[in-house]
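**Student:** In my numbering, the protein residues as written are 1 to 287.
To be clear, the hints were calculated from the coordinates, so they are not data collected in a lab. There could be a bad hint or two in this list.
As the list claims (entries may be wrong) - Here are the simulated PhoX-like cross-link-like pairs (lysine-lysine), alpha carbons at most 25 angstroms apart as the crow flies:
#, residue 1, residue 2
1, 195, 211
2, 247, 211
3, 195, 278
4, 91, 80
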Amino acid sequence: MISNQILQTNIEGLKGITRVDLCICDTEGKILASTFAGAEEYEHAILAFVESPADSQVLQGHQFFKVFDEHQLEYVLLAKGGSDDVYMVGKMAAFQIQNLLVAYKERFDKDNFVKNLLLDNLDIYNRAKKLHIETNVKRVVFIIETQMEKDGNALETVRSLFSSKTRDFITAVDEKNIILVREVKQGETYSDLEKTANMLLDMLNTEAMSKVNVAFGTIVNEIKDVSRSYKEAKMALDVGKIFYSTKNVVAYSRLGIGRLIYQLPTILCQMFLQEVFKKNPIDALDK
Numbered sequence: 001m002i003s004n005q006i007l008q009t010n011i012e013g014l015k016g017i018t019r020v021d022l023c024i025c026d027t028e029g030k031i032l033a034s035t036f037a038g039a040e041e042y043e044h045a046i047l048a049f050v051e052s053p054a055d056s057q058v059l060q061g062h063q064f065f066k067v068f069d070e071h072q073l074e075y076v077l078l079a080k081g082g083s084d085d086v087y088m089v090g091k092m093a094a095f096q097i098q099n100l101l102v103a104y105k106e107r108f109d110k111d112n113f114v115k116n117l118l119l120d121n122l123d124i125y126n127r128a129k130k131l132h133i134e135t136n137v138k139r140v141v142f143i144i145e146t147q148m149e150k151d152g153n154a155l156e157t158v159r160s161l162f163s164s165k166t167r168d169f170i171t172a173v174d175e176k177n178i179i180l181v182r183e184v185k186q187g188e189t190y191s192d193l194e195k196t197a198n199m200l201l202d203m204l205n206t207e208a209m210s211k212v213n214v215a216f217g218t219i220v221n222e223i224k225d226v227s228r229s230y231k232e233a234k235m236a237l238d239v240g241k242i243f244y245s246t247k248n249v250v251a252y253s254r255l256g257i258g259r260l261i262y263q264l265p266t267i268l269c270q271m272f273l274q275e276v277f278k279k280n281p282i283d284a285l286d287k
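Make the full structure from the sequences, and use the hints.
**Tutor:** Dropping the structure here:
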C-alpha cells in the first residue's frame, strides 16, 4: 500500500502543473489525500461510484475514476470539475497512481527478497533473476539500530539517501533495526565504508533527530554471501556495545580481540575468570 504522504505529494505536484484539484480515497470513502478542503462532502457520491460498474463517471459536477491493482479496486480518484480538460487530467492522475501501485509492489517484492536473503530462506539465484537483481556484485550490509522502536523518520531518511541508487536495498527486519544492503563501487575501501557509516550517523542525528548506532560487515562478492555480511554486522553491533561502548560506528573488520572473546563459549570465559580471580572473586569488582 502506498503511504498517504506519497499520495499527497503526487496530487499536489499534479495540481501545481494542471491547476486542477484532486482527491484520493479508499473504497470505503475515507479521504487519503486531497488538494482541497471539504472533500469529505463527496463520501456518499464516492461510495455510489464504488458500487457502480463504471470505471469513470461524472457525479455532482466532478470526475470520478477507479484505480485498480490487478483488477482489484484500490482507490477512487476525484478530479474537481466536469470539463473535458478536467477529465483528461483525472485520467492522467489515475494512470500515475496505477504506476505507483506497480512500483511499490515491485519494491515490496524486493523488500521480502532482501529479508529472506539475510536469513538464508530462499532459492537465491532464481528469485534474483526474476527480480532483475545482479548476483555477482560486491555488496556490504549496514545495520542502523535506532533507540526508538518503529522510527519511521530514520527509515525514510535512509531511503531518501539511497533509494535513487536502484542497486542498493533498504529494509527493516524488526522494530529497531534498519538494514542497508549497499553495492560497493570499484576501488571503495573499508575506510570509505566507515565514512558512509558516519554520514548515516550524522544525517540521522540532524535530519531525523534519531539517536542511532551503525555497524557493518565485510564486503562479499556474491549475493549468496550477503547473509554472512549481515551476521557480521549484527555481531559488530553486539560486540561494539560491550567492548567499544563509546563508539557509534563499529566495523566487523576492526573488532580486534573483542571479536574473539565474544565468540568464546560462556563456560570457557567463566573458567578463565575463576582461574584469574580465584583469590579475589570477580563479583567483588565494580562495574
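**Student:** Need the status of pair residue 247, residue 211: alpha-carbon distance at most 25 angstroms?
**Tutor:** 13 angstroms, holds
**Student:** Check the hint pairing residue 91 with residue 80 against an upper bound of 25 angstroms on the C-alpha distance.
**Tutor:** Judged against 25 angstroms, a Cα distance of about 12 angstroms means the pair holds.
**Student:** Checking one constraint from the list: CA of residue 195 to CA of residue 278, max 25 angstroms. Satisfied?
**Tutor:** 45 angstroms, violated
**Student:** For the pair supplied as a hint, residue 195 and residue 211, is the alpha-carbon distance within the 25 angstroms limit?
**Tutor:** 18 angstroms, holds
Hint compliance for this structure: hint 3 is the single one not met.
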